[in-house]
Amino acid sequence: MVAEALAEVLEEFEAIEDRTQRFELLFDLADDVTELPTDEWSEGNRVKGCQSQAHIDVCIKDGLVHLRGGADARIVQGLMGLLSLGMNGQTVDVARQVTLDIVEATGLLNSLTPSRSNGFRTMYDMVMSTMGEA
Amino acid sequence: MVDPADFPILSRTVHGNQPLVYLDNAATTQKPAVVIDAMDAYYRHSNANVHRAVHALAGEATDAYEACRATLRTWFNAERVVLTSGTTEAINLVAHGWGRAVLNEGDAIVLTEMEHHSDIVPWQMLAKERGIEVRYVPVLPDMTLDMEAYEASLEGAKLVCVVHTSNVLGVRNPVERIIERAHAVGARVLLDAAQGAPHTRIDVTALGADFLAVSAHKMLGPTGIGCLTITQAAFDEMQPFMGGGDMIEHVSLEGSTYQSNEHKFEAGTPRIAEAVGWKVAMDYLAEVDLEAEHERLLGIARWTAEQLRSLGCTVYGRHGDHDSAVVSFLHPGLHAEDFAHLLDAAGFAVRTGHHCAQPLLHRLGIDSTVRASFYLYNTMAEAEAFIERVTHVLARFGGNA
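Chains as they are written, first to last, in the numbering used here: chain A, 1 to 134; chain B, 1 to 401.
Same shape as in the complex, but just chain B (with noise of 0.2 Å):
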């Protein structure tokens, strides 16, 4: 694991004296100092606007950012990297880049019950403007996806948006057979990877996905910045999304000319100090064994959702050897918001609510969960700490429903 000490945050005690557990990682990720010490710096002492002026400014704070696309390029494996400002960006950029460029009336498109809302409600709209139907794969009572029901939905589909790992159950989908199948019919595949990519290393040439979309809070890094990652076949697909200065070759009063790299769709001033920090994220990522620690969350989520289920709790999820340690769960005495409350009241940051991914959470047949999620500076002694709290919560107030 990561030595906590290198998150200043997680030193900080709340309501009074209560010492942090932050279990809400699936959420957001807290920084290492050296990410928020990097940022400091820049704008401290490298701010400028990048890919304009020739100044001395100008090109260390264009360096620092290229240098942020290019160790995403190589993280990722992958073939274009476009910034944006974090998953629901990148699947907007999907939609709006892509899919008007490309899908036309009666064009289908396949999206999973599983899906967050950043990954349905994009389609949704393009679909009622352009008259695209919609296909959306069950999820099983397995909390799997159907996919035979899948298979089927493939006839005549030009884009498979999937995500990579469920933000709800924990669960990592087969997108190695969902891809595969996919290109088999000519269709593109987008995955959204805001889960799977903190936890795996993800090869986007080896898994053939044509779009990958990642948020960089959730893997240590700031928010307001993810990326995009394209195929060359796809991204030549692409029309721009957003116009404005940076994104063109050449403007004049009758009509503009665009850049052809991924510039092209990074219209105005980007993100620099949150690619500066970005970097210096993946760079500390990239010091972890993350195979390791898979295992090692994965044993704590393991054995936390079994005591969850002895103290009378049902979990969704089933923490397969590739899922992510999220543990989602709900007592059916004890008000999903109430239990919250009452663990935050004693230090412990959980998530609760729908998850942004109502359709999901309808399938179970419930409208909200309690979700603890833990990332590499977590320790099974937090875990034990805060089984030991769902027990006092429950003893003292589960027989409230």
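Isolated chain A (complex conformation) (with noise of 0.2 Å):
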């Protein structure tokens, strides 16, 4: 089961036809982002193969996943607060059942440009991979 945050929010995409409030939802998962303030932004939490600039960090406390991170299109900060909805807070094994396909579930799939959609995959990489170390 993922989530249950990360449920309602794609319940609530689906439930929205016109596209252009489905980026307001998105804009609005910009704020559900803890920060990760720029003088943290490094080389080795960027995201990289993205088009903007966009920094993302995970770390396992006392088992569970805290996820920071942000990025100078608003986009791409709400794509990370999809991620922060199924993740943050959330034990490894229930962050884990987190999968690529909630983007899609946006409906807005088809306007992310391949370097758009290969830096979701970046960011989710990056976080799944901290997690298997953990």
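Keep in mind the hints are simulated off the structure, nothing from the lab.
Being a predicted model, the structure only gives us computed values, none of them experimental.
Built from N, CA and C at the ideal position, the CB exists for glycine as well.
Heads up, some of the hints might be wrong.
To be verified - Straight-line alpha carbon distances no greater than 25 Å define the calculated SDA-like cross-link-like pairs of lysine to any residue that follow:
no. : chain 1 : residue 1 : chain 2 : residue 2
1   : A       : K61       : A       : T20
2   : A       : K48       : B       : V134
3   : A       : K48       : B       : P359
4   : B       : K128      : B       : P240
5   : A       : K61       : B       : Q232
6   : A       : K48       : B       : P240
7   : A       : K48       : B       : G353
8   : A       : K48       : B       : H362
9   : A       : K48       : B       : R363
10  : A       : K48       : B       : G365
11  : A       : K61       : B       : C356
Unchecked claim - Here are a few chain A residues that face chain B, going by a calculated C-beta distance under 8 Å:
no. : residue
12  : T20
13  : Q51
14  : S52
Grab the two chains, each in its own frame, and use the hints to assemble them into the complex.
Written out as structure tokens, the structure is:
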């Protein structure tokens, strides 16, 4: 089972027909990201393959996932928000239930350029690999 | 203007029921039905390989392929026209075919900060291999080339490579003066006309351009084909780039001799259907009053730029009389990527990113722009609808940065 908050927001996306409104919801999710201050942005936490500046940091403390991030494009940070809803404060087992399909579930996938999709994939892989080491 | 009804794709909708407003013409233009039909007819009726067999279809295919070259030779008033896959391959052909034959360690070539990556990377590769010095002409704050720096960079230069019209700014460079000064020091000149050729008739002989690189798909033709025009003098200095069929005169196990005409640089089966399509696109363009169209499109671009400024956007470009109808812009409250996605959601196709010109954007102190670029089928009504959408997007999302 994915985290309830993520499941709920994916249902919200499904209920919206208007594409601009879907973007609005994705933009709102950017606020759900725990901020990674820009002075902590480094080459190590940079999301490679992303057209805009994006950084993501994940650590496991007391068995729970802590995800922080930041991006200059609102859409990218919104995608981080999606990941956060499914992972932040969750156990590693629950966080691992999040799949790449969540991007498609927003109904906006077709508008994501290959670089953007690659960027999300990189973001996802960075998080999953840290959890794999936990 | 041309009739938008000539372009089947322009009547489609996107994302459900949003009418398409196509403003990404600097990336590629749409194709009129006559081009699509000609390529379809070629495959249905005339498909064969060229320059080899004696059968009827081979003759028709050869005639059709060579008719494209003849049309381009007349259009550009060129001595030699080599058909390539596009502007990128045309520039690489100069680097490999001319550069490797002529340039040696210690020689200098001059590029500008305004170049597309396709007119930077091939030269950096060659420079590394051959120990050639690459000099870059800076772009000034008014987004024009620093002509004083250009003249100072010419001493001992063997080649000048310059973009005719910038794909980011729409700025048309003073190519006449650039060529005159380069020739005064004995340097050859390569013009990247991917953006210039679709908007204005270029006479390479009158201009004195030694090389001119062009892509068909940016001027109503198919993707996958372009050309390099070459003066006979520069042509005589070149060596073959790719080896293979069609480019040889005779092959034995001891060695080969090459064709003496353009085929020397067209190894392998060429882009025959694409040449057929491009010829028809050039015939279609020949019916258009490009000068009047240039003025009309520039008017739309100027109006659009003015509206964007009044909405708080920064516009990169100047839209002088000879510049092209490209409007690159940014808003402080909305990232370029977000902007483009929100425009697309309502059917407006624009480009975003670094436009394959990272050194230019670095000089401008930015890493991306939103770019709307207009072509023959675009209307003032589309520009008005575009501004209406931009206004809506900024009102709703413009405080997000």
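Here is how each hint holds up against the structure:
1. A/K61 / A/T20: Status violated; Cα separation ~38 Å.
2. A/K48 / B/V134: Distance ~29 Å between A/K48 and B/V134 Cα, so the pair is violated.
3. A/K48 / B/P359: holds (20 Å)
4. B/K128 / B/P240: holds (21 Å)
5. A/K61 / B/Q232: violated (72 Å)
6. A/K48 / B/P240: Violated: A/K48 and B/P240 sit about 39 Å apart, past 25 Å.
7. A/K48 / B/G353: Given that 25 Å is the threshold and the Cα spacing comes to 15 Å, the pair holds.
8. A/K48 / B/H362: Holds, at about 19 Å.
9. A/K48 / B/R363: holds (23 Å)
10. A/K48 / B/G365: holds (21 Å)
11. A/K61 / B/C356: violated (42 Å)
12. T20: holds (5 Å)
13. Q51: Constraint on A/Q51 satisfied, holds at 6 Å.
14. S52: Where the cut-off is 8 Å and the nearest Cβ of chain B is about 5 Å from A/S52, the hint holds.
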